[in-house]
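Undergrad: Chain residues, written in single-letter form:
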Amino acid sequence: MTTLKSFLRGGAFIQPIWIFVIALFVFFSLMSEYFLSLGNINNILVQTSTIGLLALGMTYVMINGNIDLSVGATLGLAASLAVGLQPLGLTVAVLASLAAGIVIGAINGLIVWKTGVNAFIVTLGAMIGVRGLIFVYTQEQSFYASNFAFVDFGASTIGPFPVLAIIFLACTLIMHLVLKKTGHGRNTFAVGGNPEAAMDAGIRIGRNMLINFIIVGFFAALAGVLLATQMGASTPNLGRDYELWTITAVVLGGTKLTGGHGSISGTLGGVLAIGILRNGMNMMQVPAFYVLVILGAILITVLIIDQRLNVPTAKGVRA
Amino acid sequence: MASAEDVKQGFMLSKNQRAGLLSFLSAQGILVFFLISMLAFSLFSEQFLSQSNIMTVVRQASIIGIIAVGVTVVIIGGNLDLSVGSMLSFSTVLVVDLHDKIGPTNAILVMFAMTLLIGAVNGFLIGFMRLNSLIVTLAMLSAIQGLVLIYSGGQNVDIANQGDTWFAFFGRDYVAGIAVPVLLFGLLAVIVQVVMSFTGYGRRIFAIGGNPVAAVYSGIRKNWCVFSTYLISAFCVACAALVLGSRVMGSQNNVGQGYELLVLAGIILGGTSLLGGAGSIWKTVIGVLILGFIQNGLLLMGYPYYAQWLVTWVIIILAVWLDLAYKRKHLFTTHS
Numbered sequence: 001m002t003t004l005k006s007f008l009r010g011g012a013f014i015q016p017i018w019i020f021v022i023a024l025f026v027f028f029s030l031m032s033e034y035f036l037s038l039g040n041i042n043n044i045l046v047q048t049s050t051i052g053l054l055a056l057g058m059t060y061v062m063i064n065g066n067i068d069l070s071v072g073a074t075l076g077l078a079a080s081l082a083v084g085l086q087p088l089g090l091t092v093a094v095l096a097s098l099a100a101g102i103v104i105g106a107i108n109g110l111i112v113w114k115t116g117v118n119a120f121i122v123t124l125g126a127m128i129g130v131r132g133l134i135f136v137y138t139q140e141q142s143f144y145a146s147n148f149a150f151v152d153f154g155a156s157t158i159g160p161f162p163v164l165a166i167i168f169l170a171c172t173l174i175m176h177l178v179l180k181k182t183g184h185g186r187n188t189f190a191v192g193g194n195p196e197a198a199m200d201a202g203i204r205i206g207r208n209m210l211i212n213f214i215i216v217g218f219f220a221a222l223a224g225v226l227l228a229t230q231m232g233a234s235t236p237n238l239g240r241d242y243e244l245w246t247i248t249a250v251v252l253g254g255t256k257l258t259g260g261h262g263s264i265s266g267t268l269g270g271v272l273a274i275g276i277l278r279n280g281m282n283m284m285q286v287p288a289f290y291v292l293v294i295l296g297a298i299l300i301t302v303l304i305i306d307q308r309l310n311v312p313t314a315k316g317v318r319a
Numbered sequence: 320m321a322s323a324e325d326v327k328q329g330f331m332l333s334k335n336q337r338a339g340l341l342s343f344l345s346a347q348g349i350l351v352f353f354l355i356s357m358l359a360f361s362l363f364s365e366q367f368l369s370q371s372n373i374m375t376v377v378r379q380a381s382i383i384g385i386i387a388v389g390v391t392v393v394i395i396g397g398n399l400d401l402s403v404g405s406m407l408s409f410s411t412v413l414v415v416d417l418h419d420k421i422g423p424t425n426a427i428l429v430m431f432a433m434t435l436l437i438g439a440v441n442g443f444l445i446g447f448m449r450l451n452s453l454i455v456t457l458a459m460l461s462a463i464q465g466l467v468l469i470y471s472g473g474q475n476v477d478i479a480n481q482g483d484t485w486f487a488f489f490g491r492d493y494v495a496g497i498a499v500p501v502l503l504f505g506l507l508a509v510i511v512q513v514v515m516s517f518t519g520y521g522r523r524i525f526a527i528g529g530n531p532v533a534a535v536y537s538g539i540r541k542n543w544c545v546f547s548t549y550l551i552s553a554f555c556v557a558c559a560a561l562v563l564g565s566r567v568m569g570s571q572n573n574v575g576q577g578y579e580l581l582v583l584a585g586i587i588l589g590g591t592s593l594l595g596g597a598g599s600i601w602k603t604v605i606g607v608l609i610l611g612f613i614q615n616g617l618l619l620m621g622y623p624y625y626a627q628w629l630v631t632w633v634i635i636i637l638a639v640w641l642d643l644a645y646k647r648k649h650l651f652t653t654h655s
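Protein sequences appear in the order of chains A and B.
The first sequence begins at 1 in my numbering and counts up one residue at a time.
The second sequence begins at 320 in my numbering and counts up one residue at a time.
No lab work stands behind these hints: they were computed from the structure.
The model shown is predicted, which means the values in this text are computed figures rather than measured ones.
C-beta: ideal position from N, C-alpha, C; glycine also.
One or more hints might be untrue.
So the derived label-pair ranges between C-beta atoms look like this [what the hints assert, rightly or not]:
no., chain 1, residue 1, chain 2, residue 2, range
1, A, 38, B, 649, 53 to 61 Å
2, B, 532, A, 309, 55 to 63 Å
3, A, 43, B, 361, 56 to 64 Å
4, A, 96, B, 492, 46 to 54 Å
5, A, 149, B, 633, 55 to 63 Å
6, A, 34, B, 375, 33 to 41 Å
7, B, 530, A, 200, 49 to 57 Å
8, A, 34, B, 633, 47 to 55 Å
9, B, 469, A, 237, 22 to 30 Å
10, A, 39, B, 475, 44 to 52 Å
11, B, 497, A, 43, 54 to 62 Å
On the chain A side, residues computed to face chain B include the following (Cβ under 7 Å) [said to hold, decoys possible]:
no., residue
12, 121
13, 204
14, 289
15, 299
16, 303
Heads up, simulated BS3-like pairs for lysine-lysine below, C-alpha to C-alpha not over 25 Å straight-line [to be verified]:
no., chain 1, residue 1, chain 2, residue 2
17, B, 646, A, 114
18, A, 181, A, 256
19, A, 114, A, 181
20, B, 420, A, 114
Chain B extracted, bound-state conformation:
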C-alpha cells in the first residue's frame, strides 16, 4: 500500500529536481516568458504564428536589435551608451546624403569612419578620461543631434534615383529567403556572442564590468577595453544606419530619437544587469524580440499601437523585480 508520502513523491519533483527547475526558470525565465507570450498571442490571432508575420516582426526588430547588440557589450563592461539614438540619426543622414554625392561605396565607407570616430570620442572620454558614461553619452546625445541638424541644415535628405542602386540591398533584399536586415542582425549577434563567451577579450570585458579594481590589479588594460566597447557600439549603430537608410532611401534628421531608450528597454528585459559584469547577447536578442512580438501581437488583437507601451511598463519592472526577488529569496525589500 502506497503511503501518502509515496504518492506525494510520485507527483512532486524531488527537492533537488525542484531546485534545479527553479534555478533553470530564474536563469532562463525570460525565455519561458517569451514562449508563453508567443503561445498566448497565437491563441488570440491565427496570423500571429504564420511564417510571414514572424519574419515581418523580426525584420522590424532588427534595427533596434543590431544597436542593442553593441550597447549590450558596453553595459557588460559596466557603462551606458545613451548616444546611440542620435548616432543613428547622424549615420543615416550621412550615408543617405552622401550616396548621391560620392556614390554608395564611398558613402558607406565615410559613414562607417565617421560613426567609429564618434564612438572613439565616447570611448576616449569614458575609457581614458574616466568620466561618467551616463553624463558623457547624454551630452553626446545632445551634441550629435545638433551636428546632424547643422549638417543637414534642418532638411530631410533622400536618395534621388531609388530604382537602380545596389544600396537597396541592405534594407530591401533577401538572401536565401531571409531578409538582409535579419541576416545582418543574426550574424552580428552570433559573432559578438562568440567573442564575448569564448575569447580572452570577452572575458576581460566581463571582468571590468564585474569588478573594475580587481580587473585592473590583474593586469587588464581597462582604458583600452572600455574604449573598444564604444567602438563596437558605434560599429553596430553604423550597421543599423545602413539598414535604415537603405530601407527608407531617405532620412528625417531626428530618425533615431528615442531609440536609445527602446534599446535599453530590450536589453533590460532580456535580463542583462545595468550594473555590468553580467548578461549575454542572446538574452538581449530575446528581449528585443519580445518587445517586437508584443507590439505585433497587440496590434493583431486589435489594440492601438500605444497599448504596447503600457504592457512594456509592466513587464520591464516585473522581469527585473522577479529576478531580484529570486536572488534575495524575498519578494519585497525589508527596509522601511
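Isolated chain A, as found in the complex:
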C-alpha cells in the first residue's frame, strides 16, 4: 500500500490521471468494436481540441493561483468575429479574432494586476460583459461562413491526421516546454506557490500574471476560430459553460486551485479523460445525460483520492 501510495503521489513518472485515461481506453476498446480505430481516435482528438486549447491557457492561469471564468465568452466572441468579418477577407477575420482574445486577456490581466481584485471576480465580470459584447456585435444573429477555405480548413487532414488535432497537440507540446524549460514557466509556479516570496525574489508577479492572462485569452480565441471552422458557423451563445468544463479538465489533471502545482501533461490527461468518456459512452449508446453524472462523480473521487494522498504530516487542528 505504501508503495502504491508513493507511486500514485507522483514519485513515478506517470500521473494518476493517465492511469485513468489508459483504463478508460482499454475499457471502451473491449466494450465497443468501433472505439479502437484510427478514425475514432482522430475524432476524439478533434472533439477535445476545443476544451483542450482552453485548458492549456487555464493551466497556466491556475498554476498562477488565479482562475479565468471568461474563456467561454472569449471563445464565443472570437468565433463570431472569425465568421462575421469574413467579407473583409479571411486573414483579417482570423487575425481580428485572435487579437480580440489577446485584448480581453490583457484587460483581465491588467485589472487583476493593477487593482488587486480577485481573479474570480474580475473574470466573472468579464464572462458576463464579453457575452454582452458578442450580442452587441452580432445583434443576436448567428453567422454562416461565406469563405469555403475557412470551412475546408476545419475538415482538412495532413496524412491520416486531422489538422485540428495536430494544432492542438503541437500547442500542447509548446506549452509543456514553456512551462518546464523557460524562466516564465518557473516564475509562473513561483508566483502561484508563494506570491510574497516570489516578489521578494525579484519576480515581477503582476507582469507574470498579465502574460498568463494574455496566453489564456489567445488560446480561447484560437479555440473559438477552430471551433467555427468545424461548424462553418457561429452563434452568439457559443461557448456557454465551457469555462466549467475547462476547469473540470484542468482539476482532473492534478492542477491545484490554490496555485503552485500543475502540469500540461496532467491537463492533457484530464482533457482526454473527458473526451474518451464522452466518446466511448456515445459508442455504447449511453444517453449523454449520464456522462454529466459520471463526470461529477469522477471529479469528486479524484478530489478525495488527492486529499487522502496528501494528508498533512504535521499534528494539529485541521481547519
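Dock chain B against chain A, hints included.
TA: Below, chain B alone, put in the same frame as chain A:
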C-alpha cells in the same frame, strides 16, 4: 473679520467629520450607488419610479434574491456554492412533474426533502470530508444537471390543469397587495439576517469564515456549521423553485442554468467578500436589486437587454476595486 481659515472651516467638514463620512461611504458605498443609479434612471424615464414598475422589478429579482440569501450564508462561512443553478432546475422540474402525479402538497414536501438531501451531500463532502467547495459544487453542478435530464428524459414538464390548483399561490398571488414571491424573498432575508446578526449560530458562521483555525480552537464544531450552511442554501433554492415552478406552471430541464453566476454577481456587488467572514444579507438584497433595476432602467431607456451585461461587467469590478482601494489607501497595487 473672518480669516481664510474660518471660511474654509465653514464650508468644509472637520477632519473627524470627514473621516466619519468617508468610512460611512465606504461601508455603505453600495447603498449610495444604488440611490444615485435609481435617481439617474428616474431622470431618463418617467415610468421608472412608478410603483408598478418597482414592484415588477422586485418581483423579477426575487428568485435570484431568494437563492442569493442562502448562498450568502455559505460564502460568509468561507465556502462557495456553484451548484445552486442546477439545483434550481432539479427542484423546479421535480415539483412541477410531481404536482400532477401525487398532488401539490406531497410534491412540495418531496421536492423540499430531495433538495435538502442534495444540500446535505454538498455539506457532507465540504463540511465533513473537507473537500474544496469550488470543485465539489462544480462537480455537483454537472452531476445534478445530468440527474435532471435523466429524470425528465430530456423532456420539459408542465402542469396539465393550471386553472384550479392552489399551487399557483406561490408564484402568482398577492397578499395585502404584495406579490407572494416578494413576500417570501423579504421574509427569508429578514429571518436569515436576524439569525446571522443576533444568534450564536450566526456568530459561529462568521467566525469560521473569518479564521477557521481560531474558530476550531475556540470549540466551534466547524464540520456541522459548514454542513448547515449548505442546508440553508438548499432550503432557499427549494423556495425559489416553488416560486419559479408556480409562476411558470411548467419547467424546462435547464431552467436554472447560469443562475449560480448571476447570484454570485449580486452577492459580490452587494459587498460580501468571497474570502468569507464578512458580509450581510441586506447587502446581498441591495446587490440583487441593483442588478434588477439596472436591467429594467436600461430597457426603459431603450437599450437592448444585453446592454446590462456590459454595465454589470464594469460595476462589479468597480465596486470591489473601490472597496479594496479604500482599505489599502491606494487606488492601485504597488507591485510590478
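Undergrad: Each hint should be assessed against the structure and marked as holding or not.
TA: Hints versus structure:
1. Under the hint 53 to 61 Å, the C-beta atoms of residue 38/A and residue 649/B, about 59 Å apart, fit the expected range.
2. Restraint check, residue 532/B to residue 309/A: a C-beta distance of roughly 23 Å breaks the suggested window 55 to 63 Å.
3. The supplied range of 56 to 64 Å is met by residue 43/A and residue 361/B, whose beta-carbon atoms lie about 57 Å from each other.
4. Checked against the given bound of 46 to 54 Å, the beta carbons of residue 96/A and residue 492/B, roughly 52 Å apart, stay inside it.
5. Hint check: residue 149/A to residue 633/B, Cβ distance near 38 Å, so the stated range 55 to 63 Å is violated.
6. At about 54 Å, the CB distance of residue 34/A to residue 375/B disagrees with the hint of 33 to 41 Å.
7. Separated by about 25 Å at the C-beta atoms, residue 530/B and residue 200/A break the suggested range of 49 to 57 Å.
8. For the pair residue 34/A and residue 633/B, the beta carbons lie near 50 Å from each other, so the given range of 47 to 55 Å is met.
9. Between residue 469/B and residue 237/A the beta carbon distance is about 24 Å. The supplied range of 22 to 30 Å therefore holds.
10. Distance hint check for residue 39/A and residue 475/B: the Cβ-Cβ separation is about 36 Å, which falls outside the suggested range of 44 to 52 Å.
11. For the pair residue 497/B and residue 43/A, the supplied restraint of 54 to 62 Å holds, since their beta-carbon distance comes to about 56 Å.
12. For residue 121/A, the interface hint holds, the least distance from its beta-carbon to any beta-carbon of chain B being 5 Å, beneath 7 Å.
13. A distance limit of 7 Å between C-beta atoms decides the matter here; for residue 204/A the minimum to chain B is near 5 Å, and the interface restraint holds.
14. A least Cβ separation of about 4 Å between residue 289/A and chain B falls short of the 7 Å threshold, and the interface hint therefore holds.
15. Hint on residue 299/A holds. Least Cβ distance to chain B is approximately 4 Å, under the 7 Å limit.
16. For residue 303/A, the suggested interface contact is upheld, since its CB lies about 5 Å from the closest CB of chain B, less than 7 Å.
17. A distance of roughly 15 Å separates the Cα atoms of residue 646/B and residue 114/A; the hinted pair therefore holds under the 25 Å criterion.
18. Proximity of residue 181/A to residue 256/A is assessed by CA-CA distance (about 20 Å); at most 25 Å being required, the pair is judged to hold.
19. Taking the CA atoms of residue 114/A and residue 181/A, the gap is about 28 Å. The hint is violated against a cut of 25 Å.
20. The hinted pair formed by residue 420/B and residue 114/A fails the criterion: a straight-line CA distance of about 57 Å is larger than 25 Å.
Going down the numbered hints, you'll see the structure goes against 2, 5, 6, 7, 10, 19, 20, while the others check out.
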